[in-house]
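Novice: Using the sequences plus the hints, can you model the full thing?
So you can see what is in the structure, the chains are spelled out below.
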Amino acid sequence: MLYGPRPFMADNTRTAPAEAQESQSGEPPDVELVRRAQQGDAAAFAELVARHQRQLYRLALRMTGSEADAQEVLQEAFLNAYQKLPNFRGEAQFSSWLYRIAANSALMRLRRKRRAPDALTDQPLELQGPKFSAEGYLDPPPRSDWSQRADEKMMDRELGTAIDQAVTGLPEDYRTVFLLKDVDGLSNEEIAEALDLTVPAVKSRLHRARLALREKLSDFFGQ
Amino acid sequence: MNPLEHCAACVELLGEYVEGTLPPERAQALEAHLSLCPPCITFVRTYKATRVLCRHKLAREMPPELKTSLHAFLSKNVPGYRAPDDGGGENN
Chain A
416 MLYGPRPFMA
426 DNTRTAPAEA
436 QESQSGEPPD
446 VELVRRAQQG
456 DAAAFAELVA
466 RHQRQLYRLA
476 LRMTGSEADA
486 QEVLQEAFLN
496 AYQKLPNFRG
506 EAQFSSWLYR
516 IAANSALMRL
526 RRKRRAPDAL
536 TDQPLELQGP
546 KFSAEGYLDP
556 PPRSDWSQRA
566 DEKMMDRELG
576 TAIDQAVTGL
586 PEDYRTVFLL
596 KDVDGLSNEE
606 IAEALDLTVP
616 AVKSRLHRAR
626 LALREKLSDF
636 FGQ
Chain B
30 MNPLEHCAAC
40 VELLGEYVEG
50 TLPPERAQAL
60 EAHLSLCPPC
70 ITFVRTYKAT
80 RVLCRHKLAR
90 EMPPELKTSL
100 HAFLSKNVPG
110 YRAPDDGGGE
120 NN
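One line per chain: the protein sequences are A and B, in this order.
Just so you know, we're using this note's numbering here: the first sequence kicks off at 416 and counts up by one.
Just so you know, we're using this note's numbering here: the second sequence kicks off at 30 and counts up by one.
Certain hints may be false.
[Claimed, not checked] Pair by pair, the computed Cβ-Cβ distance ranges are:
{"id": "1", "chain 1": "A", "residue 1": "N519", "chain 2": "B", "residue 2": "N31", "range": "12 to 22 Å"}
{"id": "2", "chain 1": "B", "residue 1": "R55", "chain 2": "A", "residue 2": "E482", "range": "35 to 45 Å"}
{"id": "3", "chain 1": "A", "residue 1": "M570", "chain 2": "B", "residue 2": "L65", "range": "19 to 29 Å"}
{"id": "4", "chain 1": "A", "residue 1": "F547", "chain 2": "B", "residue 2": "A112", "range": "52 to 62 Å"}
{"id": "5", "chain 1": "A", "residue 1": "P444", "chain 2": "B", "residue 2": "P67", "range": "44 to 54 Å"}
{"id": "6", "chain 1": "B", "residue 1": "R84", "chain 2": "A", "residue 2": "E604", "range": "12 to 22 Å"}
{"id": "7", "chain 1": "B", "residue 1": "I70", "chain 2": "A", "residue 2": "E487", "range": "41 to 51 Å"}
{"id": "8", "chain 1": "A", "residue 1": "N519", "chain 2": "B", "residue 2": "G49", "range": "27 to 37 Å"}
{"id": "9", "chain 1": "B", "residue 1": "H85", "chain 2": "A", "residue 2": "E487", "range": "24 to 34 Å"}
Hint data in this document are derived by calculation from the structure and do not stem from the laboratory.
Note that this is a predicted model, so its numbers are computed, not measured.
Glycine residues also receive a C-beta, built at the ideal position from the N, C-alpha and C atoms.
Specialist: Below you can see the structure in the form of structure tokens.
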């Protein structure tokens, strides 16, 4: 048997006391589920898995770039989380703790494949962004507001290709932050925790990635 | 509120502005600049549209077969684990 919390009860018996706080949706908060899981409640751990599996999958997919690797990372991360659950003291949010475990698993996998040894280090990078005159004005200024045409282009396959190419062309550590934040909806704090960055570093990379992508999309829309 | 003097300062603050995390006085200075600078209005709109388009095109859902394999794996390796009914309670 694997080490971890004491063996789970095989049914959905609730062990939570009445003082457990509930979230606005009526679902028990993570902290309550964690406490129950630490006491051996299998259903509580399964609920934590169900609650976080989608975001963890996105994190794993964005970091590894591979569906197969994401699957392996996901399994490893939840198993590690189960095994380490007795040591979780609640200093950080459970989700952040979980993201960190998954990110470490993804990084170890990448390093084994020698694909991203420097993925999350600070690198001096030149990303294309807007240009300014010596006085600080946009130069050249945007010629047209292509945001007006964005809706009608939403289903355009060429636009999809252009976006894929633009995002793929970003440096990896900028791309990962952008995808996790603007596509997958993780918070800056969650990303910082998972990728071992400061929140200001997350914000900076995110902004620079957006600026570079805006330039690429402006090219696509004919500016 | 004095507007930001230059477009460069405006662009620098856009990240926090579109997320609503810019301190109110900075946001007001940025908006004052926008009221005087049509190029920056266009820039802000296309900056926002970039996020929307990328989210629409790149969003990925967890494949159902991956959920199945994950729960099978955990059922095998975590004592007493049983997958809950799918769907409810997941974070987006």
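Novice: Checking against the hints above, which ones are violated?
Specialist: Failing hints, ascending: 1 and 3.
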